Each structure stands twice: as C-alpha cells, then as structure tokens.
Amino acid sequence: MKVTLDESLCEAHGECVLAAPEVFDLDDDSDVAVLLDDSPPEDQRENVVMAARLCPVAAITVED
Amino acid sequence: MTIDAGTRPELGLLDVETYANGNPDTYGLPLDTYQWYRDNEPCSWQEFDDPALIDALWIVSRNEDIWTIDRDTETFATDRGYVNFWKVTPVDPTMGGSPAMLSMSGQDHKRNRGVISRGFTPKVVRRLEQKFRDYAIMVVDRAIEKGTFNFVDEIAHAMPMEALGDVLGVPPEDRAKFFHWVDQFAAPFDTRITPSFDDVMIAIGELMVYATELAEKRKVEPGEDVMSQIVKASADETLSEEEMMGNVALLASGAAESTRTALSHGMHELMRNPEQLAWLRERATDVPDTVAQEFVRIASPFTHLVRTATRDVEMHGKTIREGDRVAMLFASGNFDERAIENPRAFDLSRSPNMHVSFGRGPHTCLGKHVAALEIKILLEELMQRTRSIEPAGDIDYVRDAYSRGVYSLPVTVKPA
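Residue numbers (the numbering used here), protein chains in the order written: chain D, 1 to 64; chain G, 65 to 480.
Next up, chain D with everything else stripped away, as it sits in the complex:
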C-alpha cells in the first residue's frame, strides 16, 4: 500500500489524524498534515482508506 499526501492541497483539517493516527499527524506549528508512514502495514488499510475518504480537500491518495 502506497499513501501520498498532496501538501499543496492540504489545509490541516485534521480528519486524517482522527481516522488514521498511526499514519498521519498534525504538527503544532505547521499549516499542513504530516505523513508519518508512506507505506503503512496492511492492518492500517481500513483507517487509511477512511482518511482519504474523509479528507475535505481530497489531498490523500491510496494505491495498491
């Protein structure tokens, strides 16, 4: 599973952090979310797919 976060779209809405806290984070002083793991283990798939679905600006894509 390959996860990408488009930082030019991200507005730090934070939905991804709630859906997949092991894969995404929000830095205190950054205007965009942080992708902690761009190849997360398979057991994170459900959370990551939900994060992508919930992102209000469609900044997350999941491949494979």
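No wet-lab data here; the hints were simulated from the structure.
Just so you know, these numbers come straight off a predicted model, no measurement behind them.
Heads up, the beta-carbon is just placed ideally off N, CA and C, and yes, glycines get one too.
Please note that a few of the clues may not be correct.
Claimed, not checked - List time: in silico EDC-like cross-link candidates among lysine to aspartate or glutamate, alpha-carbon distance up to 20 Å:
id, chain 1, residue 1, chain 2, residue 2
1, G, K296, D, D31
2, G, K210, G, E454
3, G, K195, D, D28
4, G, K195, G, D238
5, G, K296, D, D29
6, G, K478, G, D458
7, G, K174, D, E11
8, G, K187, D, D31
9, D, K2, D, E46
10, G, K187, D, D25
11, G, K296, D, D28
12, G, K210, G, D458
13, G, K296, G, E285
14, G, K187, D, E22
Claimed, not checked - Over 12 Å on every C-beta distance to chain G, these chain D residues come out as not near it, computed from the model:
id, residue
15, M1
16, E22
17, D27
As the list claims (entries may be wrong) - Computed footprint of chain D on chain G, listed as stretches where at least three residues anywhere in the stretch have a Cβ under 8 Å from a Cβ of chain D:
id, region
18, 173-179
19, 183-196
Chain G: place on chain D using the hints.
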C-alpha cells in the same frame, strides 16, 4: 406514520412551522417528509412566498449528494451570494454583508482560512482543554445549585460562550453582550428572541463596531486567539477590515449557536434513552469521541447551507441551471439510511458516523474539533457531578427552519 410514495407531502422541506412545532419523538425533525423526498424527489425545486426568504431553490436531501456538492466548489460556488435560504445574512457581501470564509472561494478562501485556522491548531486546542474543564465545572456546579432550570440557558449556552470567548479573544466581561448580538441575528424569525428585523440589523452593526475595537485591542495585547492571528498576519496574507468583520460574525454564529444546539438536542435524547444515559455514565471519566459526533448528527444544528451552480448540471433527472441556488439539506442527509445504519436510533457508540452536520468539503466547519472537545468535557463534568438528570417539562424549539435552536429544555438535576 409513513407517507405514501405517490403523494407529495403537503409541507415543504423548509417550512418554519414544521420545525417550530417539531415532533420530539423524531428529534424535532420531519423525518418522514425527508424520507419521502430522498426516495422520490432527491433533488426538489421548492418555492418560498416570504420577502425575507429566497424565492426558490433546489433542495438536495441524500447524504451522498451532499458530499458531492460540498466537495465540488467549482460547480457549486460559495461566492455568488446566499449562505442559506435567508435573503440577508451578515456574511453575504452580495447583500450588504461582509465577506467571510463561507462566502469566499479559491485563493481568498485559502488565505482567510490559513490565517484563522492558526487559532485552532492542536497546540492551541490542547491549551484550551484545562480552561474548558474549569468552565464546565463552574457551569455545572452553578446549575446544580438551582436544581430545576432551563438546560439551554444555564448549561448549553454558558459553555460555548466561554469557549468561543477564548478562541476568538473576547474578554470575559464582554461575552454576555457579544452573545446577545449573536442571538439576535442567529434567530431573526423568532420574536421571543428578536422582536423585529430592525433588531437584527442593529445587532449586526453593533457586532461589527465591536469587532474593530477588539482588533485594535489585540494589536496592543496579542494572545494566541483568532483575533490576534488576524491582526498579526503578514502583509501578503493580511485580512481586510471587511474580511475581519465578516469572519467574526461567521465564527460567532457558527461557534456559539451550533454548540448550544447540539448540547441541547443531545441532552434531550439522553433523557429519553435511559440505556444510552447509563452507557454514558459508565464512561463519564473519559467520554468517547463518538458521543459528540452523534450529538451533532441528531441535532443537525443548521438544517442546510446554500451554494450556486456555476454551470448546468443534471441531478436525478432534474436540470440545475447555471445561477440556480442549491440547498444541501444536512438534516436529511444525517438520517439517510443509504449512508447511516439504523439512522433513527440515537447511538452514542456509532462508528463510523458519516453525518454531514459540519459539511464535508473545503468549507467544512473550522471549529469541529473544538466543538467536540467542549461537548466531551462538559458531559464528563455533568455526568460525574450529578446523580440524576430528568425532564421538568417539554422541549420547545426556536421558530426557525435554518437554525435548529432549542428555546427551552426544563430539567431537574440531583448532585452526585
């Protein structure tokens, strides 16, 4: 009661009477009417015969369609006038108001949201947590002393007022008058709250004057709050005075009224569902995140928001023409069985909860994490400090088809 598929319901989707006299058994919402429209006319042209309201618009009632419209801001624009089905709102620059995030698009929206969201970062929210808990304890203890009281005024109003004051940077001594102005324009059709439309305009004017005074104050005494972020934004992202005023009005009505509404409807359902109340009491020291989301779903604090089509679009066999107004009926989308399992049940453990109360696109509620935190902390203190909470009279709704405010919810509490 179910409505026959062949018969269009007599009442429209946004009739004031429907909400003013809402049925408490169905969250005060016309759930059967919503269902009829979702099943038979999910994109429905509705006309209004009231000089204060839009003449006509499309109403979209299915959950999935609301997601689609909210995310496609190219096709369904926010910056062509109308925020809801009222003709006048303080944040609509095409009708004499000031521009705010909700009535902007593209780079202007990104610039405004970028600056204002600095007042909502995880660090800021974490710092607010202890203050929110202090407010919750104060509010709950004061109410317990009264014994029997209107939950809306004593608890649901007091908590967001203090929280918004901190987030926005309104000093404690100004919060009561600030909230009074917000109430006036948040419920312009309920004469118990707003005697006449002149009062609405006066309140908007006073709020705008106050906002400019507050901006000056924060230039001298900056903090981490939203107003301080606005006045210290760098030259390339700075907000105009008009934008500052519009956003203050937007945040005030968004933060204050909606959280009060969610708490009030949620409390009402807790008292009607003893098994849910018991479930919550068992988790009183760490209320799960799902609770606030279910409060927000069943409350549907704003029934809808309006967008404008920028081109002709087909939807469910209807043609939405360029320039037509389109309402996303959140209150219906929140009870759509296509997206929400067993939607008429009040289920505090519901997960996932695909409700649309905060919106689901680029204009999604900026305060949604703060609101969820307020609800969680308030419930933790309320559950731990009381032994029982019972109804002391019937619920009474605000007379409005946009805002789902509760006018009164009499309760009796006993201390733990």
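Each hint tested on the structure:
1. G:K296 with D:D31: holds, 16 Å
2. G:K210 with G:E454: The hint holds at about 14 Å.
3. G:K195 with D:D28: Given that 20 Å is the threshold and the Cα spacing comes to 19 Å, the pair holds.
4. G:K195 with G:D238: The given pair, whose Cα atoms are some 18 Å apart, holds under the 20 Å limit.
5. G:K296 with D:D29: holds, 16 Å
6. G:K478 with G:D458: holds, 19 Å
7. G:K174 with D:E11: holds, 8 Å
8. G:K187 with D:D31: Holds: K187 (chain G) and D31 (chain D) sit about 12 Å apart, inside 20 Å.
9. D:K2 with D:E46: Distance ~13 Å between K2 (chain D) and E46 (chain D) Cα, so the pair holds.
10. G:K187 with D:D25: holds, 12 Å
11. G:K296 with D:D28: Given that 20 Å is the threshold and the Cα spacing comes to 18 Å, the pair holds.
12. G:K210 with G:D458: holds, 19 Å
13. G:K296 with G:E285: Holds, at roughly 11 Å.
14. G:K187 with D:E22: holds, 19 Å
15. M1: holds, 20 Å
16. E22: holds, 16 Å
17. D27: violated, 8 Å
18. 173-179: holds (count 3)
19. 183-196: holds (count 3)
The structure fails hint 17 only (numbered hints given earlier).
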